[in-house]
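K.L.:
Sequence:
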Amino acid sequence: MNETTQTFDMAHIWAQGDAISHAVAIMLVLMSVASWSVMIVKAWNLMKLRQMSAQAKAFWHATSFEAGLSTLTPTTADNPFRDLAVRGSEAVQHHVTHQDELHGVLNLNDWLTSTLRQSIDESTSRFQAGLSILASVGSTAPFIGLFGTVWGIYHALIGIGSAGQATLDKVAGPVGESLVMTAGGLAVAIPAVLGYNALVRGNKELLGRLKHFAHDLHAYLVTGGKIRSARNVLPLNARKGAAQ
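When we follow my numbering, the leftmost residue of the sequence shown carries the number 86, and every step to the right adds one.
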């Protein structure tokens, strides 16, 4: 019993391997560390982004734009909702005060839409950063493990052939050691695939909330959130009063 246990001991498997099997094992370990690091970091960021989306709801309950902006996390690089609000406000002010520039031929709606879309695109890129690592690990780790298995079985068969014996006790150990590579490849790939799918779903949900916030922000800034006297455009309430 002790001999069988030692035969399948990880230290014994490592000692029986050659340079290629060692390289495969190290590669699988590095891929596992990389994928778990990405999943932990992205999951933490996802949790913070969900908290920021709750702040975005509180933004619309403020009595002024400045008060609403104070409800969002101050760092614009980490808060895509605040980045949208800041960029949108700056885009309106810039469009009003720089009418002589080339973008002055665009109406405010197009200029603001372009600015908000750029912010959303940058946030989307940040959301998706690192997911390519999980996709690569999930798709390649099983084949790397399978390569280690084939290589191990190849050497096991060579050893059996040179010994001239093919009894079960001679075959079970080397073949079992080789199959550990397949198990290792699956152990690395399965969490990466599950983590990738979970993060994609989370990013998709957050992106939907971000687009909804951008839509409301666009409507607020265009229809009366800012007084654009340089273009002789009155706020929404003033336009209603003039119509009466």
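One or more hints might be untrue.
[Said to hold, decoys possible] Using C-beta positions, here's what the derived DEER-type ranges look like:
1) 300 / 122: 19 to 27 angstroms
2) 147 / 195: 42 to 50 angstroms
3) 210 / 264: 17 to 25 angstroms
4) 235 / 135: 41 to 49 angstroms
5) 155 / 297: 19 to 27 angstroms
6) 148 / 171: 53 to 61 angstroms
7) 136 / 242: 17 to 25 angstroms
8) 129 / 179: 33 to 41 angstroms
9) 178 / 122: 17 to 25 angstroms
10) 203 / 304: 14 to 22 angstroms
11) 122 / 286: 15 to 23 angstroms
12) 151 / 206: 23 to 31 angstroms
13) 224 / 289: 38 to 46 angstroms
[To be verified] In silico SDA-like cross-links for lysine to any residue, where the CA-CA straight-line distance does not exceed 20 angstroms:
14) 133 / 211
15) 296 / 211
16) 142 / 283
17) 133 / 283
18) 289 / 156
19) 133 / 117
20) 296 / 214
21) 289 / 194
22) 296 / 221
23) 133 / 285
24) 296 / 220
25) 289 / 175
26) 296 / 243
27) 296 / 228
28) 133 / 286
29) 296 / 218
30) 296 / 121
31) 133 / 111
32) 296 / 175
Worth flagging that the hints you see were computed from the coordinates, not collected in a lab. Every residue gets a Cβ at the ideal spot worked out from N, C-alpha and C, and that includes glycine.
K.L.:
Now tell me, hint by hint, if it's right for this structure.
P.N.:
Hint by hint, here is what the structure shows:
1. Checked against the hint of 19 to 27 angstroms, the C-beta distance between residue 300 and residue 122 comes to roughly 35 angstroms, which is inconsistent with it.
2. Under the hint 42 to 50 angstroms, the C-beta atoms of residue 147 and residue 195, about 27 angstroms apart, miss the expected range.
3. For the hinted restraint 17 to 25 angstroms between residue 210 and residue 264, the CB-CB distance of approximately 41 angstroms leaves it violated.
4. A hinted range of 41 to 49 angstroms for the beta carbons of residue 235 and residue 135 is consistent with their spacing of about 44 angstroms.
5. Between residue 155 and residue 297 the CB atoms are about 21 angstroms apart, so this pair conforms to the stated range of 19 to 27 angstroms.
6. Taking 53 to 61 angstroms as the suggested C-beta distance range, the pair residue 148 and residue 171 does not conform, at roughly 19 angstroms.
7. For the pair residue 136 and residue 242, the beta carbons lie near 57 angstroms from each other, so the given range of 17 to 25 angstroms is not met.
8. The hinted window of 33 to 41 angstroms between residue 129 and residue 179 holds, with their beta carbons roughly 35 angstroms apart.
9. Between residue 178 and residue 122 the beta carbon distance is about 41 angstroms. The supplied range of 17 to 25 angstroms is therefore violated.
10. Checked against the given bound of 14 to 22 angstroms, the beta carbons of residue 203 and residue 304, roughly 18 angstroms apart, stay inside it.
11. At roughly 20 angstroms, the beta-carbon separation of residue 122 and residue 286 lies within the given 15 to 23 angstroms, and the hint holds.
12. Remark: the range hint 23 to 31 angstroms for residue 151 to residue 206 is upheld by a beta-carbon distance near 26 angstroms.
13. Distance hint check: the CB atoms of residue 224 and residue 289 are about 20 angstroms apart, inconsistent with the given range 38 to 46 angstroms.
14. About 14 angstroms separates the Cα atoms of residue 133 and residue 211, which keeps this hinted pair within 20 angstroms; it holds.
15. Of the supplied pair hints, the one linking residue 296 and residue 211 holds, its CA atoms being roughly 15 angstroms apart against a limit of 20 angstroms.
16. For the suggested pair residue 142 and residue 283, the alpha carbons sit about 24 angstroms apart, so the restraint of at most 20 angstroms is broken.
17. Straight-line distance between C-alpha atoms of residue 133 and residue 283 comes to about 16 angstroms, which keeps the hinted pair within the 20 angstroms bound.
18. Only pairs whose Cα atoms come within 20 angstroms are accepted, and residue 289 paired with residue 156 is rejected, the gap being roughly 24 angstroms.
19. In summary, the hint linking residue 133 to residue 117 is not supported, as the alpha carbons are separated by about 24 angstroms, beyond the 20 angstroms threshold.
20. Taken as a hint, the residue 296 and residue 214 pair is honoured in the structure, with Cα atoms around 19 angstroms apart against an allowance of 20 angstroms.
21. Of the supplied pair hints, the one linking residue 289 and residue 194 is violated, its CA atoms being roughly 26 angstroms apart against a limit of 20 angstroms.
22. Simply put, residue 296 and residue 221 have alpha-carbon atoms about 29 angstroms apart, too far for the 20 angstroms limit, and the pair is violated.
23. Using a Cα cut-off of 20 angstroms, the hinted pair residue 133 and residue 285 holds, with the two alpha carbons roughly 16 angstroms apart.
24. Between residue 296 and residue 220 the alpha-carbon distance is near 26 angstroms, which puts this suggested pair outside the 20 angstroms criterion.
25. Proposed proximity of residue 289 and residue 175 is contradicted: the alpha carbons are some 27 angstroms apart, above 20 angstroms.
26. In summary, the hint linking residue 296 to residue 243 is not supported, as the alpha carbons are separated by about 61 angstroms, beyond the 20 angstroms threshold.
27. Pair hint residue 296 plus residue 228 does not hold up; C-alpha atoms about 39 angstroms apart against a cutoff of 20 angstroms.
28. A distance of roughly 16 angstroms separates the Cα atoms of residue 133 and residue 286; the hinted pair therefore holds under the 20 angstroms criterion.
29. With a C-alpha separation of about 26 angstroms, the suggested pair residue 296 and residue 218 falls outside the 20 angstroms cut-off, and the hint is violated.
30. Straight-line distance between C-alpha atoms of residue 296 and residue 121 comes to about 29 angstroms, which puts the hinted pair past the 20 angstroms bound.
31. For the proposed pair residue 133 and residue 111, the alpha carbon gap of about 33 angstroms is over 20 angstroms, so the pair is violated.
32. Among the hinted pairs, residue 296 with residue 175 is consistent with the structure: their alpha-carbon atoms are about 19 angstroms apart, no more than 20 angstroms.
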